[in-house]
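**Student:** Sequence:
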Amino acid sequence: MNLLTHLQRLFHGAVEGIVADPARYAAMVKPAQDARFGDYQANCAMSLAKQLRQKPRDVAERLAASLDLSGMLEKPEVAGPGFINLRLRTDWLAAQLQRMAAADRLAIEPVQPPRTYVIDYSSPNVAKPMHVGHLRSTIIGDALARLLRFLGHKVIADNHLGDWGTQFGMLLYGYKHHRDEEALRSDPVREMVRLYLLVRREIDPAEKVEEEPGNAKDYSEADLTRSREALAAVRSETAKLHAGDEENLALWRQFMPWCYAEIEAIYRRLDVHFDHTFGESFYQPMLVGLVDDLLARGIARPSEGAIAVFVEGEETPTLVRYRNGAYTYTTTDLATIRYRMEQWHPDASLYVVGTPQEMHFRRLFGIARRWGYDTIELEHIKFGSVLERLPNGKTEMFRTRAGRVVELGALLDEAVVRAAQQYEQTRADRLERGEEVPQLSQQEEQQIAEVVGLGAVKYADLCQNRTSDYVFDWDKMLAMDGNTATYMQYAYVRNRGIFRRGNVDPAALRSDPPRPILDTPHERALAVQLLRFHEALDAAVADYKPNLITAYLWDLSKAYSGFFDNCPVLKAPTPELRQSRLLLCDLTARVIQRGLDLLGIRTVERM
RNA sequence: GCGCCCGUAGCUCAGGGGAUAGAGCAUCGGUUUCCUAAACCGAGGGUCGCAGGUUCAAAUCCUGCCGGGCGUACCA
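Going by the working numbering, the first residue of the first sequence is number 1222, and it counts up by one from there.
FYI, nobody ran anything at the bench for these hints, they're computed from the structure.
Backbone N, C-alpha and C define an ideal beta-carbon position, used for all residues, glycine too.
Errors might be hidden in some of the hints.
[Claimed, not checked] No farther apart than 20 Å at their CA atoms in a straight line, the calculated lysine-lysine pairs in the PhoX-like style are these: (1) K1697 to K1615; (2) K1397 to K1461; (3) K1296 to K1251.
[As the list claims (entries may be wrong)] Now the in silico label distances, taken between C-beta atoms and shown as ranges: (4) D1726 to D1492: 44 to 50 Å; (5) G1292 to D1818: 30 to 36 Å; (6) A1482 to A1248: 48 to 54 Å; (7) W1695 to D1726: 40 to 46 Å.
Make the full structure from the sequences, and use the hints.
**Tutor:** Below, the structure written as structure tokens:
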């Protein structure tokens, strides 16, 4: 049960007879911002009083008195200028926890009716190595997919690979001029990466000068000439591929699996999965007819040799075909929308793509609606850029210039190495203090390092507000103290340790849960926090913001720490209290594990 | 030029109409006869970029300004 929406419903009922727009006032029920004010607070009396031309405190008193407490709430208190402070009844909390313990899925019922979501995430360019910038789309998209599925929706995860662009022209050119036959035989995947980076460096000067002619001063005449020739050759290879050139097409078919293998290894490691990986190439056959259709319906029209969609008030049009006959990514995206609608009839389609593409999606969605897809929820789940700190102290977006990006594989390796080192350090510190240290096999240690290291990387990204940019920083990305996955994983481990030490089987607590006793503030606070899990998930999905889950887990872990430090479990004063506390522990473990799982982060039993 | 986003503690960032603005890191101090100290408790530190406005109530909404970023017809 989502406590907040439940309370809002109660207030909706209380306000219904008084005003015309009860929902507005019901929405003013919020979690209390200070524990002294109770668990929740209703802030509607003040504005209600204004409208009714009455005293705020009088309105609050009357509202409080008329509220259906439904066995859930203590008598509300009116405070300050007219806040209504709500406190959940302890016996009600206990009953809910008991229910939660016995229920599958922590008493979170699947939504009715479920919706069908297409989520488009990760979507890397296949020919180039993935770098930190790709992490966000991949991880945020995966988390949203997991969350929506858990809540009961149907999710189709589609990885819209960039498998048809200039980067393949680069590979074709690189293959034809620089290939190393031996390397190609022994490790084609690495050879693809090498060729990409090589050509990248080769054409970089020419591209930079095209962007900004002033950059020409950075290069010698000869270098620039060579670079321009290479760039022209790359473009010609791309054009030949797109025109159906047999040789290039055959090479493309050969390269694709090699390139994808590189990416797939990272997905496997990150435990990220897709239902489909239709790349851009998949949609190419549909583009001619699509543009004809846009022309026929008067949505697009020829302009300066290209075919463009104009929108009143917009300075520039959106091109769906370039003068040279090539189709644009808008065209491919439109084909994708049509294909998805015909195949899956989704209620919503989410695009987890960086903020810089905001305008593209605004225009794309506008055209799609004019084209007839006007009932589906099309949503750009935008996220901020990963920035790099320059030597002069300023920050700027990572450019895909050779050598300047942090490759994702290297980041993940580093994370795991650091986790292993951290573990060694911690173990040594514990031994020095004369503490017990879990005896772990080499293999187990490696497994822990993997889970902790990758968890750190994912959590560092997910706990930020999606829309903020952030400056990449190894230490921050791999941090393992404070509000991090490691903290959560450790809370889980300590929790499981109790069951191991006490030789208690949690299954018994679930099949026949005792009624918890919530007499201390620590136990009560933990109970409330546990019951707010559903609320946190709903909030996260409402804004498509995974950081609301991490914020919740952090609060939960803090509540658990307070409980852990103050309430002995195995040595509880009475058997009843022991059982009650074991139940709280088990629920906490389940919520942490589930919460992390929804973020794509794993747990271990010992560390 | 136009459009969108951002400016909150030393640093990194939450919060995006409600009570005394929060966290992590860093700094300083404390905690282990007790279930894993990768933990816990405490302290210092902020005119929420500036100026107006709306509101019973503004870090939050509106306008202007300053500073920064991104995007803006043939890369995706």
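**Student:** Each hint needs a verdict: does it hold in this structure or not?
**Tutor:** Hint-by-hint comparison with the structure:
Taken as a hint, the K1697 and K1615 pair is honoured in the structure, with Cα atoms around 18 Å apart against an allowance of 20 Å. A hinted pair counts as satisfied when its Cα atoms are at most 20 Å apart, and K1397 with K1461 qualifies at roughly 14 Å. At roughly 17 Å between alpha-carbon atoms, K1296 and K1251 fall within 20 Å of each other, so this suggested pair holds. In this structure the supplied range 44 to 50 Å is violated for D1726 paired with D1492, their Cβ-Cβ distance being about 28 Å.
Between G1292 and D1818 the Cβ separation comes to about 33 Å, which falls inside the hinted range of 30 to 36 Å. About 50 Å separates the C-beta atoms of A1482 and A1248, a value consistent with the hinted range of 48 to 54 Å. A beta carbon spacing of about 42 Å between W1695 and D1726 agrees with the range 40 to 46 Å that was offered as a hint.
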